[in-house]
Amino acid sequence: MARHAMAPRVQLEKAAWRWVESVRPEDIHREHIEIAYRICVPPCKRGACRRNCKGNPNCLVGIGEHAWLGEINENNFHNIDDPNSERRDKNTFVGLTNLGATCYVNTFLQVWFHNLELRRTLYLCQNARAEEHNMDSDYEPRSICEHLQYLFALLQNSNRRYIDPSGLVKALGLDTGQQQDAQEFSKLFLSLLEDTLSKQKNPNLQNVIQLQFCGQMSYVTVCNQCGRASPLPSRYYELELNIQGHKNLTECVTEFLKEEKLDGDNRYFCESCESKQNATRRIKLHSLPHVLNLQLMRFVFDRQTGHKKKLNTFISFPEQLDMGPFLEGKDEKCVYELSAVLIHRGVSAYSGHYIAHVRDARTSDWYKFNDEEIEKMEGKKLQLGIEEDIAETVKSQTRKPKCSKGYHCSRNAYMLVYKCHREEDTDPMETNVDVPGFLQRLVDRDNRKFEEWCLEMADMRKQSVDKGKAKHEEVKELYELLPAEDGQQYEFVPLEWLKKWLDDSTVTKEIDNGNFLCSHGKLHPDKVGEAKRISVKAAELLFDRYGGGPRLDGSTLCEECVGQRCRVLRLKNQLAEDYKEVTNLVKGPPKSDEGYWVGKTSLRSWRQLALEQLDEDEEETKHIDGKTNGEGPEITATKEYGPENQDEDEEEMKTFNEDILCRHGGLSILESERRLMTEEVWSKLRVYFPRAPQFTQLQEPCQQCLRLEREGKENEALNRMMASEQKCSLLNLFQEKNRPTLTKWPQVITVSAQETDILYIVPLFFVDEWRKFIRRPTKTTPVSSVGNSLLLCPHGGFMFTHDSMLMGDAQHIALLWPGEWEVISRHFLVDQPISICRISQATPNGSSVEYTTQPELCRDCREGFIFQQQRDMREYAQATVYVRKVIDDKRLMEAAPEVNVSGSEAEDEREEPVTKVDGERDPDFSQIEDGAKRQRLSDGTIGAAASPAPMASGGKSGIRRSTRHRKLRGEKALIVSANQTLKELKIQIMHAFSVAPFDQNLSIDGRCLTDDSATLGSLGVIPESVICLKADEPIADYAALDDVYQVCMPEEGFKGTGLLGH
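1 is the number of the first residue of the sequence shown in our numbering; add one for each residue after it.
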């Protein structure tokens, strides 16, 4: 089998150092150095390399020169688009910029713009501000009419391909990032426009909205008993047609006008009969508007989900619609022609994209308006195209039905605009709408600004092209000078700098050779593959034009680095042979009593350490860092192995013989970890580890270590004796037996059959640390002081009351008998004694008991402490809460067993086993402190209701409850803040459990959380709370869940916008 060809870079690397096998470091000459730096490697010719040879410093091919030496395309010299691409094409319309989620606004603006009568009327509106505007400043419309006038004038005569409608959108107060109900926007905007035009002085303008869009109808109710008809006249601006269950537009209109029966509970009160009677009700159309807007009710409210959903039902509609049969009492034809189709692309009611297909009234051509993009349809025909392919992801999609000639079929159309066909509509006088002079002046000014921008962009393009041409000449001139001829002087420059110099898209910086320097300030041999050797003449020109340094010429080839590499490579080749010889020599006993100490660990791994040392020498420092070339890590008593570094990397062997080096830099006192080697073995090892610590057989172990060992043994004996004495004196405190409890204290507490009215208090932290010392006296520091100041305020007052210690503050304290306090006062330093006294007083109703503390309670600090605790619970910014799913008020999951640590520490950290409890009585669920289970004491008595925190005065012997939350399997932890709403929490839970918000029933301690708008802080959700989630049964159709994911905030519609008069 043929061998794979070696990569050129590897071949060049091997060839550069092949000579070291026969040349010793002291015999290196100039020719060897030049071979190592690959000075004589032949350069590559153009076309011979697919990419640049990084291992060859003489290869100057494939560094980006092809872009400059071939045919030059001027477009490569700039990244500025042709400004004419922003120019409006001849005989096309102007688009509108989508400001984020305003495509629904853009579609209606284009439809209304193509209503010539509406446009003509708007141009006639008085606009004194525009007429008197100074052309030296930008025109800023204020009223809705002014905005619409200016926008329509720009759409008609602007030179731009699209314009920005942000002025109108801002005036309406619309949120550009939130998509709204397009049908509601249409109704509200026309209503606002009608109200605005009604205030015009010109009577021809006041009723234009009614003349264009308004028709007359009536709701007629007929009593079945007496036959009396009760009509209720009404105006309409659009017909809202139900499409569910229908296939074509005629069926939708027929159902809209269908007779409705009123019977049963829905009976009609007839004024003639003076009683409720069965009746019929229907809608009668009396007149039709010039422009008939038909709203197809695709977005409907789903009662099951509580949200809107989209009906992706195919509806067929004609290009010509005869509304005559639907008019009441009229037989003549009333033919309408389709003039616009508004499309919603997407399957959800809360997302998607709006576009409009509009017919040009002048030419009858159809155009598709998609924000900035406008496309003319071929053959004067409506072509819905790919808009009908968007909803294919919806399940159970029916095939698109075949449409007859003159009909169209859509499952995304949500509004159809029909225009009444009249002969005068073809009159050129009717189809031409001229922009008034005062508006045309504003449009001309905007067009001049656009032309100036085009000229500015063209000038910038020209400057970039001129700069590119100059760079082209420079590259052609310098690239020919780059190759260094044999025997001539040369310099090195970075390959990456040459690439960036030839890459016109980046700014050429100064030449930086600093990364190529070795520790001797010369060119490192490993870096020659990242540099290119060029002629001195080319180097002079490049450094003169771009600056930089340091300059690296033939004199900067480093003889020291080459010699060091030669030594390392030769040692690597020799290592295998020396390893076998050393292995044989150490098998036998030493031939004499003289020798050198070697660590047993070092001896076992000396070959690996030698390889690592050689690799480190070979991959030596690439920058100047003050180290001598070829040095390994220096072993000194004051540096790596001084006392300040004794804990760093203790287990990792870095240097030979460091395992018998103590932290003071002397010989280790552990004789079992070292072995005596002969001078012959040591001399061979010394070649590979010249700076390893060296200890002869006569070297004495470290005297400091010997002294510390003696002192350590003495201290351990003292600690054992101290721990034994303290344990005997305070055995009950250590074993947690016969502990005083505040809950029993109205009763008689006896000590050796004597009553006591005083108990002493110490921090629980002190007791915990003391027990650790008693268990492990040789491994733990003795406790010297009580530290009661932890329980005192800055004024020296006590921070807890008798009642607060009963309720939960006992987690901070431990109670002591007077006798125990006497012992503690002798053995430990006490900064401030703290006690609690019981005072009995006789009263007419019996005896009463009061409790006082010494020092007394500091009420101001206590109130501040409570206030801060409550504030922390209410105003947290980031906290964890736990959500557990329940079925029939039972948790789905049981507590997972905790794995305790081993050894004596486990005795201190052991936790109470978790008991399976159903319902809300599980102590892990309870947020109420007195709701936990009672615990049995070792002396057979029943303790008080334990608080969630550990209590030193009660509990099973040697056992305390952990304060950590025990997370159950299947439970979810969520990060929340106090000011977020319950609605937002439900959205988080929906993503975690796949339960829709309207199916979630949340509770804490049996208290239901129902107010979606309330914050978690106001609802009492505190850090570490456990929230129970009970999910309602899922509804049959969960396709609406996609819509729910879109609605993360309550839907407010157009509340607060200009459309509602705000």
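Please note that a few of the clues may not be correct.
Each pair of labels, with its calculated beta carbon distance range [what the hints assert, rightly or not]:
{"no.": "1", "residue 1": "K187", "residue 2": "L124", "range": "48 to 54 angstroms"}
{"no.": "2", "residue 1": "R228", "residue 2": "Q200", "range": "40 to 46 angstroms"}
{"no.": "3", "residue 1": "H421", "residue 2": "L124", "range": "21 to 27 angstroms"}
{"no.": "4", "residue 1": "F269", "residue 2": "K187", "range": "27 to 33 angstroms"}
{"no.": "5", "residue 1": "M807", "residue 2": "S784", "range": "14 to 20 angstroms"}
{"no.": "6", "residue 1": "Q383", "residue 2": "S191", "range": "30 to 36 angstroms"}
{"no.": "7", "residue 1": "K449", "residue 2": "T254", "range": "33 to 39 angstroms"}
{"no.": "8", "residue 1": "D27", "residue 2": "P483", "range": "39 to 45 angstroms"}
{"no.": "9", "residue 1": "A973", "residue 2": "E714", "range": "48 to 54 angstroms"}
{"no.": "10", "residue 1": "G437", "residue 2": "K187", "range": "30 to 36 angstroms"}
Keep in mind that the hints were calculated from the coordinates and are not lab data. Note that beta-carbon positions come from the ideal geometry of N, C-alpha and C, so glycine has one too.
To see whether the hints hold, each was checked on the structure:
no., hint, result
1, K187 with L124: 48 to 54 angstroms, "violated, 24 angstroms"
2, R228 with Q200: 40 to 46 angstroms, "holds, 43 angstroms"
3, H421 with L124: 21 to 27 angstroms, "holds, 25 angstroms"
4, F269 with K187: 27 to 33 angstroms, "holds, 31 angstroms"
5, M807 with S784: 14 to 20 angstroms, "violated, 33 angstroms"
6, Q383 with S191: 30 to 36 angstroms, "holds, 33 angstroms"
7, K449 with T254: 33 to 39 angstroms, "violated, 54 angstroms"
8, D27 with P483: 39 to 45 angstroms, "violated, 33 angstroms"
9, A973 with E714: 48 to 54 angstroms, "holds, 51 angstroms"
10, G437 with K187: 30 to 36 angstroms, "holds, 34 angstroms"
Hints 1, 5, 7 and 8 from the list above are not met by this structure, while the remaining hints are.
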